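Novice: One-letter residues, chain by chain:
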Amino acid sequence: MAQQKVVVIGGGLAGLAAAMKLAELGVAVDLVSLTPVKRSHSVCAQGGINSVNDQTRPLGDDEWIHFDDTVYGGDFLQHQPPVKEMAYWAPKIIDLMDRLGVTFNRTPEGFLDRRRFGGTLFKRTAFAGATTGQQLLYALDEQVRRYEVAGLIKKYEYWDFLAPILDAGGQCRGCVIQDLVSMEIRPLAADAVIVASGGPGLIYGRSTMSMACNGSAASRCFQVGVKYANGEFIQVHPTAVPGSDKLRLMSESARGEGGRVWVPRTPQDSRPAAQIPESERYYFLEDRYPEYGNLVPRDIATREIFNVCTKEGLSVESERLCVYLDLTHLPREMLDTKLGGILEIYEKFQGVDPREVPMKIFPAVHYSMGGLWVDYERTADGGLTAASPRNQQTNVPGLFAIGECDYQYHGGNRLGANSLLSCIFSGLYVAPSVVSYFQTREATGEVPPALLEQEGRRHQERHDALLKRRSGKENPYLVHQELGNLMTRAATVVRDNDDLRSAIETVHQLRDRADRCALSDTGNWTNQNVVFTKSLIDMFPLALSILQGALARDECRGAHYKPAFAMPGIEADSPEEKRRLAEAWCDRFEENTKKWLKSTIAEYDSSSREVRLSYEPVDTTLIPPRPRLYGLVGAEVIEEVWKERLASRAGDVSGNGSGAGTKETVAAS
Amino acid sequence: MISRSKTSPEHVEVRVLRQAAPQQRSYWERFRVAYEPDMNVISVLQRIAARPRTADGQDVTPVAWDCNCLEEVCGACTMVVNGRVRQSCSALVDRLLEENPAEIELRPMTKFPVLRDLMVDRSRLFRALEKVKAWVPVDSYHDMGAGPRQSPEAQQESYPYSQCMSCGCCLDACPQYRKIELIQRDDETDEQFAARQAATYDRNFVGPHAIAQAILFNQNPTGQMNADERVEALTAPGGVQVCGNAQNCVSVCPKEIPLTTAIAQAGRAATVHSIKRWFDR
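Protein chains in written order, with my numbering: chain A, 1 to 669; chain B, 1 to 281.
Next up, chain A with everything else stripped away, as it sits in the complex:
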């Protein structure tokens, strides 16, 4: 049998991990990337990567609690088996990265140092200064280079993925790619294609994401029939530095190392921050969330910062919304060794030393929890069946998805320092699954040359037509700007059905305008104009999935927040009344769980160019869903009622139900 070949789309952490693992298994890999892989967006990840470790275990931590924190933080929207598997693999993944030479910070004794991140009470996060993503990416880049020299991996850098190639039976047999320099369009035959193309930040115009994160690869899969799941779950990171070209991330690790978020109690107090006395500072996160403090999960921190600026009018500045992220009370030397990378970014781009003056930050679109739908095979004890061909496979046979562009690991909200983990985990984990897929699929023989030729020609014609298009005066960059502004207004921190309805209408109009874009460059050499226009056109199917998913979902879950459907805390004077309200609250919670604890599945109808939604149940059999009570008024009594209900049903709960119990022990400590 000829050697099997896999095409991997994207050279970030997930794509590189998959490529190197496949190469180790003797599979040839074509690695396609918009940028040289070493420049992928994973370099922007700053804070670290989570796993249970020898420092947290003695304090009562274990893999199960990491799993529990992740699903609790994600508001139970994830299928639990993949998350459980990931949590149990996490220590092994960090060990591997350590062996590959990642320059993780060390304890005095030479072990990996750890810090605390949001949504957990344990110091689980291994880190390399404040450039952890960069260091992890480089380690994988180096391994891929090693296999490139050995001849098993061939890179296509500065190539764009145009579409998967499906045969008459609907199986993925390769893909069409385009050289961004020579503009050559080329079909590639493959035994399987793995999409690892990252998030769709550019749909929001400016975000913390890189310019390559345009979502086009995921959209192009979506448009040929791959399901897109939970698109409406977009993480808005609480702390970013606004800029005219991008919103630069200011890592959660700044708070993990002791950074404090505050605003002056006097609105727009004109004094310099240092001159505002403690008593006149409002540390609103610490005040409202005494347990987690500045390290509440991201969706919560984001909403609080947003509200403190908008509703409460306490923004530091009047011209633009921002709050202080303050590190000035921390020792300089510690800041330099643990956070140097991000402090330099702030200093370079803002011209102010954050060791001396508190940073001014505001939330920004950061990560997509939703993404291409993928499957998995569950074991009896609720983990994943290793090397099952179903793992990470989309509904199109032979087409797999991993990393940020799959929807599997983070549910309604991702915990900090879990994304590097899910990217590397899904990348390593998919490789043996793809090999099994080769063995189990029906023999299909060589990819018919006619199919390759036909697909190549189709995309060439589309490309040529775009270049020749004379009609229309629309400017793709301006249409993109409008799309970004619209999406940022309608589908970020606070969502409202009227806004979403009108946004959907406008997106349709913008899409029609994008169809009428005129190109300012009609040449056939390094034409960035046509490449951008194509990616813009492909933003609309995903934008619609996000908006329609958000409109349909009448509830609050994780990052998806609709005030009209919020479940506020309870306040009452008498214990009886409190109790009654808590019972009612829990009833409503259960009702809502029944109604909405399900994955949104978007499918694209290419003839009408419309997005259709359906829903799928979520496997929550390992840890029963429970209310997320971070900082809620009346949380104690709600929790009490909830525990009683759980206890009364304990007999019905099958399998390992210890999660909730363990979690509560932790939360109470």
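It should be emphasised that the hints constitute simulated quantities derived from the structure, not laboratory data. Careful: at least some of the hints might be erroneous.
[Stated by the list, open to error] Computed footprint of chain B on chain A; a stretch qualifies when at least three of its residues, placed anywhere within it, have a C-beta under 8 Å from a C-beta of chain B:
| hint | stretch |
| --- | --- |
| 1 | 15 to 26 |
| 2 | 34 to 47 |
| 3 | 560 to 571 |
Computed from a prediction, not measured in an experiment: that's the story for all the values here. C-beta atoms are modelled at their ideal positions from N, C-alpha and C, and glycine is treated no differently.
Using the hints provided, position chain B relative to the given structure of chain A.
Specialist: Relative to chain A, chain B alone:
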């Protein structure tokens, strides 16, 4: 925040050295972009892309350039800004105007073949990382437990090298790093051309970035086991001996990587290696 001149200008004048394709003649073009607060060179180029019209009103093709992260960690957007090679994302317009209020001048890197306008082909830079075997050659990716323990001091020494983002600033500034531009012959396949390129690159200076990476992996407790192979690569033609000690590399490195320290260490290792080899004969 950033000190701004009292009266912000209405427009920013930008002069760009353009080139339609490899081997073609380059030419200057001038653009006028409406000033906005907190602009950087990237946002200037974005405005030009959105409305590619020269200062004298001619419609032209948009300027091509490379970028990705926009926060100076990916290394993509290197170009020569006001005569200095640097990342264009961290080149803030207000600062540039302080240097020269009349205009901002953008040119492609000088040591790499121009693909188009400000886009250059830096594949040689990555080839050098292959030459010095810049990786830890682990046995497998199976679970073999943690890596070797390391002191915090050792980590602090290695960490700066591991921040190298392959941007190429050090190479552009290096007098010993000469531009190599090969053209694919009609009778050459892509593979043959790639092989000829690699062979040519390998004979020429590897550059400070690759020397620093060799040192990084020679410091690593596992990487150390193959230290000789890397030093061997650094003593081959195009190795560390080519360095003329101009020290430009370290002064332009956006990450302030101690490149000259690495070069000095590599030089000593190369000497020791040569003597050892002489005795081994």
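Novice: Hints first: check each against the structure and report whether it holds.
Specialist: These are the hints, each one checked on the structure:
1. 15 to 26: It holds: at least three residues are needed, and the stretch 15 to 26 of chain A offers 3 whose Cβ sits within less than 8 Å of chain B.
2. 34 to 47: holds (count 8)
3. 560 to 571: Check failed, 0 qualifying residues.
Hint violations for this structure: number 3 only, all remaining hints satisfied.
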